[in-house]
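Could you put together the complete structure from these sequences and hints?
Read in the UniProt record's numbering, the sequence shown has 86 at position 86, and its numbers run on one by one without any break.
Fair warning: there could be bad hints in the mix.
Stated by the list, open to error - Here are the simulated distance ranges between beta carbons: (1) P381 - S499: 25 to 31 Å; (2) W317 - G353: 27 to 33 Å; (3) D449 - A271: 30 to 36 Å; (4) P381 - S467: 53 to 59 Å; (5) E510 - S467: 27 to 33 Å; (6) A263 - G33: 45 to 51 Å; (7) D327 - D355: 40 to 46 Å; (8) S499 - L195: 23 to 29 Å; (9) P198 - D156: 27 to 33 Å.
Claimed, not checked - Quick list of in silico lysine-lysine cross-link-like pairs, DSS-like style, CA-CA up to 27 Å: (10) K488 - K502; (11) K502 - K232; (12) K232 - K488.
Because the hints were derived from the structure by calculation, they are not lab data. A quick note: this is a predicted structure, and the numbers were derived from the prediction, not measured. Backbone N, C-alpha and C fix where the C-beta goes; we use that ideal spot for every residue, glycine too.
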Amino acid sequence: MAHPALSYEPLTPTAYLDRAAAAHGDRIGVVDGPHRWTYAQLHERCTRLAGAVAPLACGRPVAVLAPNTHVLLEANFGVPWAGAPLVAINTRLSATEVRYLLEHSRAAVLIHDPSFDALVDTVFAGLDTPPHRIRAGAEYEALLTGAHPHHRTPEDERALLSINYTSGTTGRPKGVMYSHRGAYLQSVAMAGHTLLTPSAVHLWTLPMFHCNGWCFPWAVTAAAATHVCLPKLDPAEVWRLIREEGVTHLNGAPTVLTMIAYAREAAPLPAGHRVRVATGGAPPSPAILRRMSELGFEVTHLYGLTETYGPAMICDWRPEWDTLDADAQARMKARQGVGNMISCTARVIGDDGADVPADGRTTGQIALRGNNVMLGYLDDPEATAAAAPDGWFRTGDIGVVHPDGYVELRDRSKDVIISGGENIASVEVEQVIMDHPAVLEVAVIAVPDERWGEVPAAYVTVRDGASVTADELIEHVRGRLARFKAPKHVTFGDLPKTSTGKVQKYVLREQAWTGHDRRIQ
Numbered sequence: 001m002a003h004p005a006l007s008y009e010p011l012t013p014t015a016y017l018d019r020a021a022a023a024h025g026d027r028i029g030v031v032d033g034p035h036r037w038t039y040a041q042l043h044e045r046c047t048r049l050a051g052a053v054a055p056l057a058c059g060r061p062v063a064v065l066a067p068n069t070h071v072l073l074e075a076n077f078g079v080p081w082a083g084a085p086l087v088a089i090n091t092r093l094s095a096t097e098v099r100y101l102l103e104h105s106r107a108a109v110l111i112h113d114p115s116f117d118a119l120v121d122t123v124f125a126g127l128d129t130p131p132h133r134i135r136a137g138a139e140y141e142a143l144l145t146g147a148h149p150h151h152r153t154p155e156d157e158r159a160l161l162s163i164n165y166t167s168g169t170t171g172r173p174k175g176v177m178y179s180h181r182g183a184y185l186q187s188v189a190m191a192g193h194t195l196l197t198p199s200a201v202h203l204w205t206l207p208m209f210h211c212n213g214w215c216f217p218w219a220v221t222a223a224a225a226t227h228v229c230l231p232k233l234d235p236a237e238v239w240r241l242i243r244e245e246g247v248t249h250l251n252g253a254p255t256v257l258t259m260i261a262y263a264r265e266a267a268p269l270p271a272g273h274r275v276r277v278a279t280g281g282a283p284p285s286p287a288i289l290r291r292m293s294e295l296g297f298e299v300t301h302l303y304g305l306t307e308t309y310g311p312a313m314i315c316d317w318r319p320e321w322d323t324l325d326a327d328a329q330a331r332m333k334a335r336q337g338v339g340n341m342i343s344c345t346a347r348v349i350g351d352d353g354a355d356v357p358a359d360g361r362t363t364g365q366i367a368l369r370g371n372n373v374m375l376g377y378l379d380d381p382e383a384t385a386a387a388a389p390d391g392w393f394r395t396g397d398i399g400v401v402h403p404d405g406y407v408e409l410r411d412r413s414k415d416v417i418i419s420g421g422e423n424i425a426s427v428e429v430e431q432v433i434m435d436h437p438a439v440l441e442v443a444v445i446a447v448p449d450e451r452w453g454e455v456p457a458a459y460v461t462v463r464d465g466a467s468v469t470a471d472e473l474i475e476h477v478r479g480r481l482a483r484f485k486a487p488k489h490v491t492f493g494d495l496p497k498t499s500t501g502k503v504q505k506y507v508l509r510e511q512a513w514t515g516h517d518r519r520i521q
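In structure tokens form, the structure reads like this:
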């Protein structure tokens, strides 16, 4: 007897809001300053946003230039429901850079925060056919009020959901294409790994524009947890919201953790109040991990790239590590870990494409494959093919595999310092320097040297009220590592950073190598 075909629903992360509104519609879904919306209200607002932009976009991308406010959060649902890809723009880009992204993505609509009025004026002045402009605030609210709810789901779960641009440090930014399926699976992976539940309160310390906020706009919603928006990363405000809103979760780069941990307002949380933190962008030092633990934060290290929807590996904590001393636990937590539970498989491969032995010593390049690897680079098939020549995406990061299967990053391939024929991992030197009590942040790069070709140099930010000399730091490293790994030069001051908190080592390299024949890439 023939049976009718079972119904099939394409996977899309926007479905999480449908579920949250149906099952938790009366509970607070969003806190943004004085505004509080339930999940039912958030659902209504997002469907009206879809109804407003659908006839303007006609399937072309909708760009959003806004800090971590309800506007960008709503766009993660409303724009896909309009049948258009979302382009969330880095809020620290220049007018020239924003103009390039709008042109390259062929965006039909730009929604922007009023704080970017002057920037957008400059951007639009240089465009022959600027996108339709929507200003957040009264104009945005009037648009939603007058729109008819719209709710379009994709017919193909591998359809284009969003375009996220790389930093472009080695050339023009590349448009990384995300699919509905990839974001759906990444979101549920993030919800599971970070233990999000309906009682969770997630503080937006990670920019939502960065890899669609590691897919947490959808992950938090999947759990029907509460989003607490934070337009500006102010440590005092972070601590206020943690205490007053009962924050249980937040994400950010190690430099963000440093800002929180050493803020004037920092103090151990009361018994029973723990905050789960996911960190990525650089290996966290054992020192910052110890400090966060003392304050009541449980830090999990994640590893990933824009091309992998954010986190692709997680340093899953094992119960048997509970008996280790604090220093040993911190070293374990600083590793990059194992592949994402749902979305991704990780390998470390040698130049021959074979897996390196799991001995914790043999280095190779980290390669990834899975549902949360990008569809490709927008309009750049050559770069797409080069990034994954055999179906495995090459990250450009150098790592080892430990006997327990956990991967540990040794360096970015471009950050390996080769001094007198010896390889020096800048990450290793940085972690030793970070263990000095006077050091707040550090970046180690190769600088030119007449004798050795290049030598390590440290750029250090000192904690408020502390002091240390260059000679003291050099001797500190020599007491922990081989002497040739110690920095030959130490420069004190603030470090250049991206909007997501990553230290811009390429800026330091350009300064150090100007006028020299060889440039570190």
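So, going through the hints one by one against the coordinates:
1. Distance hint check: the CB atoms of P381 and S499 are about 29 Å apart, consistent with the given range 25 to 31 Å.
2. Separation of W317 from G353 is about 32 Å and conforms to the stated range, judged on CB atoms against 27 to 33 Å.
3. Taken as a hint, the range 30 to 36 Å is violated for the pair D449 and A271, whose Cβ atoms sit roughly 53 Å apart.
4. A hinted range of 53 to 59 Å for the beta carbons of P381 and S467 is consistent with their spacing of about 54 Å.
5. For E510 and S467, the hinted distance range of 27 to 33 Å is satisfied, since their beta carbons lie about 29 Å from each other.
6. A C-beta distance of roughly 21 Å is found between A263 and G33, which places it outside the suggested range of 45 to 51 Å.
7. Hint check: D327 to D355, Cβ distance near 30 Å, so the stated range 40 to 46 Å is violated.
8. Distance hint check for S499 and L195: the Cβ-Cβ separation is about 28 Å, which falls inside the suggested range of 23 to 29 Å.
9. Between P198 and D156 the C-beta distance comes to about 31 Å, which sits within the given range of 27 to 33 Å.
10. The suggested pairing of K488 with K502 holds, with an alpha-carbon distance near 24 Å, which does not exceed 27 Å.
11. Distance restraint check for K502 and K232: the Cα-Cα separation of roughly 16 Å lies within the 27 Å cut-off, and the hinted pair is therefore satisfied.
12. Taken as a hint, the K232 and K488 pair is broken in the structure, with Cα atoms around 37 Å apart against an allowance of 27 Å.
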